[in-house]
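Protein chains in written order, with the working numbering: chain B, 1 to 178; chain V, 1 to 109; chain A, 1 to 253.
Hint data in this document are derived by calculation from the structure and do not stem from the laboratory. The beta-carbon is built from N, C-alpha and C at its ideal position, and this holds for glycine as well. Hints may contain errors.
[As the list claims (entries may be wrong)] Facing chain B, a subset of chain A residues (Cβ under 8 Å, in silico):
1. Glu10
2. His25
3. Ala44
4. Val51
5. Arg53
6. Glu70
7. Phe97
8. His139
9. Leu141
10. Ser194
[Stated by the list, open to error] Computed cross-link-like contacts, SDA-like style, restricted to lysine to any residue with a CA-CA straight-line distance of at most 25 Å:
11. B:Lys115 <-> B:Arg105
12. V:Lys96 <-> A:Ile164
13. A:Lys77 <-> V:Arg21
14. V:Lys105 <-> A:Ile164
15. V:Lys22 <-> A:Ile164
16. B:Lys61 <-> A:Ile164
17. V:Lys10 <-> B:Gln63
[What the hints assert, rightly or not] Just the calculated beta-carbon pair ranges, DEER-fashion:
18. V:Leu35 <-> B:Ala70: 45 to 53 Å
19. V:Lys10 <-> A:Ala41: 49 to 57 Å
20. V:Arg21 <-> A:Gly140: 38 to 46 Å
21. B:Ala62 <-> A:Leu158: 50 to 58 Å
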Amino acid sequence: MQTAPATTTGTVAQQSNAFPPFDTATFPTQLFWLAITFAVLFVVLWRVAGPRIGGVIGERKAQIADELEAAEKHRKSAEAAEAAHQSALAAARARAKKAADENRRQVTAEIENAKAATEAAAQDAAAKAEARIAAMRQEAAQHVTIAAQDVAAAIVARLIGDTISPQEAEAAVKASGT
Amino acid sequence: MPSPEPDDLKRLAERIDEAERKHAQRKKPPPPTSLGIAFRFATEMVSALLVGGGLGWGIDWAFDHWSHLQTRPWGMVVMFVLGAAAGIRNVMAAAKELNAEMAAKDLEK
Amino acid sequence: MAMNPMEQFEVKPILEHPLFQIAGHDIFFTNQALLMCVAVAAAALFLTFSVTRGRLVPTRLQSMAEVSYEFVANMIKSTAGDDGMVFFPFVFTIFTFVLFCNFFGMIPGAFTPTSQIIVTLALAAVVMLTVVVTGFIVHGLGFFKLFVPKAPFLLLILLVPIEIISFLTRLVSLSVRLFANMLAGHTMLAVFASFVIALGAAGGILSLLSITPMFMIVFIGALEMLVAFLQAYVFAILTCIYLNEALHLHEHH
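Isolated chain B (complex conformation) (with noise of 0.2 Å):
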């Protein structure tokens, strides 16, 4: 390419018989702009795009890290809350099974005290009742006796018309055995 002042564009390349790829005179300026462009490129990356994209990264890295991790953290007072709840439902199942215990006790005492109160009374009915029948007995028997003591002392007056004192028609009866 040395030559091409010499020559139009066109007659460079018609010129080049050798494999273009290795045709030396083209190094120099090959190499040339290869240097500028990736000296250039270089530069841009390394000072520009590379810590542009690198910060945005990073960023959004963080960004999604903190969400994540704030997202972890509502999950975990969720299943604090839910935790809390059950706990706090199984207190309340707790102490309301302790009160109805409570009531159940109570009210098995009460019928317990009813029963055993009905059963002093009816007791205590009865025994009156049987006080009283005894009684009756007694002065049924009484009446007996003075029933037979009148009639011992008919029977005595009958028998030898002498009439007894009630005294005598008693210790009679009594001797008598009833």
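Here the structure of chain B is known, so what remains is to put chains V and A in place on it, guided by the hints.
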């Protein structure tokens, strides 16, 4: 009593884990094609022969130019053989590398 | 259109006269210079202005820029470890430069800067120079241990030259790989394109047959897009691997 479903929480946990995994995941390089592998081996071998031959030629030239010793063509012959050895060594190293890559890929599956 | 598939690799001046001279060499503004300028300008503008602060959900362009950034960052971290991140701007530039040059070369009629051996060789030389300088800065003369494998002394006489050759080989393999890939792909495309033109010009039934190479062009074109990316990736990751060796010698990170 309507309580917050524990299932919902579990699903949320799974989703968070998945998002974290995806976030941590990175792109993998493309797998080498068989033509590419063959071409790579050929390049390694040819380059080594070129370098060996070139060095040998240079050694012969240097002896010829700076001393009275006539080494031609032995410098080139010896260096060409060494170049072939280096080429084989490089191809073997490349094959080992490829195997390691393949094994790593298989492990991932 | 030219029938010679090699014509597309000719570096031609756009401006007829040389801009200036450096050490006796004329410097022209060429088709390749134009392409490199356009590719670099596009890359620089895209990577700078597609990204805006404070977007939780990025736009498509922004996420492309971010993905390429993270792609390179992960590439470095996985091959050279965290201390390799010092070289992030360098590796990112290499990757972006090669990628954009490759892709802009895919535009029909555009020149492909990376199809020139001197360009790829210079890029590889910059990489290897960085590796050597890094090695000496980090390890001093201990960097030479890179060429001494663990082996009996007598064997070392053989192994050290092999290690040195294999180290120097990287310069060639790195550049030849990229160069040959771009050259081969674009040559194939040009060959099939010339088939299309030749068959089309032949007229009659042959014109209809020109459909076949057209399909091939579409297929190879798609393949070339993949290759364009893959070669940028390979160039960048090999850079990382070599830098890792310079940083850590043979120890594994």
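Verification of the supplied hints:
1. Glu10: holds, 4 Å
2. His25: holds, 4 Å
3. Ala44: Holds: closest Cβ of chain B sits about 4 Å from A:Ala44, inside 8 Å.
4. Val51: holds, 5 Å
5. Arg53: Where the cut-off is 8 Å and the nearest Cβ of chain B is about 6 Å from A:Arg53, the hint holds.
6. Glu70: OK, holds: A:Glu70 within 8 Å of chain B, min 7 Å.
7. Phe97: holds, 6 Å
8. His139: For A:His139, the interface hint is violated, since the closest Cβ of chain B sits about 25 Å away, which is over 8 Å.
9. Leu141: For A:Leu141, the interface hint is violated, since the closest Cβ of chain B sits about 29 Å away, which is over 8 Å.
10. Ser194: violated, 16 Å
11. B:Lys115 <-> B:Arg105: holds, 15 Å
12. V:Lys96 <-> A:Ile164: holds, 20 Å
13. A:Lys77 <-> V:Arg21: Given pair A:Lys77, V:Arg21 holds - Cα atoms ~20 Å apart, limit 25 Å.
14. V:Lys105 <-> A:Ile164: violated, 32 Å
15. V:Lys22 <-> A:Ile164: violated, 45 Å
16. B:Lys61 <-> A:Ile164: violated, 44 Å
17. V:Lys10 <-> B:Gln63: With Cα atoms ~24 Å apart, V:Lys10 and B:Gln63 stay inside 25 Å; holds.
18. V:Leu35 <-> B:Ala70: 45 to 53 Å: Holds: the Cβ-Cβ distance is about 49 Å, inside 45 to 53 Å.
19. V:Lys10 <-> A:Ala41: 49 to 57 Å: holds, 54 Å
20. V:Arg21 <-> A:Gly140: 38 to 46 Å: holds, 44 Å
21. B:Ala62 <-> A:Leu158: 50 to 58 Å: 55 Å Cβ-Cβ, so the 50 to 58 Å window holds.
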